[in-house]
Amino acid sequence: MRICIVTPYFTPFVRGNEYGLAESLSKLGNDVTILTSKSKAPREKAVFDGSIDKSLPFDVIYLKTVTDLFENPVVTGVFSKVTRKFDVVMLQEDYPLICHMAYFAAKRYGITTVLSSERTYIPFDFKKRLGLAFFDSSISQLVRENVDILTTHCTASKKFLKDVIGVKRNIEVIHVGVDCELFKPIKEPMNYIGYGCEDLRILSVSRFHKYKGLEYLIRAMKKVIDEVNAKLYILGKGEEELYLKNLTKGLGISGHVEFITTSIPNEEMPHVYSSCDIYVQPSVIEPYGIAVLEAMACGKPVVGTNVGGLLDTIVHGKTGFRVKPASSKKIAEYILQLSKDKLRRKLGKNARRRAEKFDWIEISKRYIKLIEN
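Each residue of the sequence shown is one higher than the one before, starting from 80 at the first, in our numbering.
Everything hinted at is true.
Under the rule of at most 30 Å between Cα atoms (straight-line distance), these lysine-lysine pairs were calculated in the DSSO-like manner:
1. 237 x 403
2. 409 x 419
3. 444 x 247
4. 428 x 266
5. 266 x 425
6. 324 x 301
7. 186 x 164
8. 160 x 143
No wet-lab data here; the hints were simulated from the structure.
Could you put together the complete structure from these sequences and hints?
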């Protein structure tokens, strides 16, 4: 099958949803092309990432970008690239202009169209909110209602489209996946975050953004270190770095929190996850939470919030624990529960088994089955 994946941004070294989907579809014998802009994704500038050291197993076409309006690149050349040579065009969100143009280009030739959405919230930023409102009442609505297949990445996103946006048609939930061949438990990982030390090692991989709720994890550490010897490692970068570091100092726990802002290649991230004892995702808003799945695939129990995709991936009490957003007290409580070796190992094994159900190959097979039917 000849598949075109259309996405506003594509940064190979970030290895987001588009990369995993394209790679796994290629492994299943499909001819995959990614169509994207030349703009740099916001996460390329403000996320913990690394470089890739191997050639891509699919083609990437970067279109000329005229401008970028509120994280929505305006490009040229879509109609000349989306041609009858493709069997399927997969649109990676409902609001980017590049996806709108690709939809109309595909319709010219009767190409099957698939739209996937990860939206679970209305942005706080007024300009973004205004822009989305405009598209939701016009062209985005037209695309959503007329694509051949409409999917969301998680149950929360489906509920958002139904209850908030007002989508009436059928929506299939097909989750974001994880590469379980790459992300797996490593018995003797490289020493990125104090592997081998006696402290309880807690890890969070995240942008330093208020949506990610890192301040609540840092505040939880104040309670945790009163009970056990522990150290928190936060991997990432972003606009809240100074605030979070000052918060750590103000709480008097600088010796128990380490910020790591240097890049680590994606292929070495399994070593990072395998070096920790507990993974925590304290997000206030989280469309999906790929890092949670990666940590689970590496056999780590997780503590996350009751938001977005975490509601689907974390099974409370079996693979980890879920808490209300902004609940430092509960985060600390569950970290302390997981400080017990027996429970931590049990939930870690369960987490690996759970992650295997989200392997990218299995996710791609679901897409193929849906398209063929």
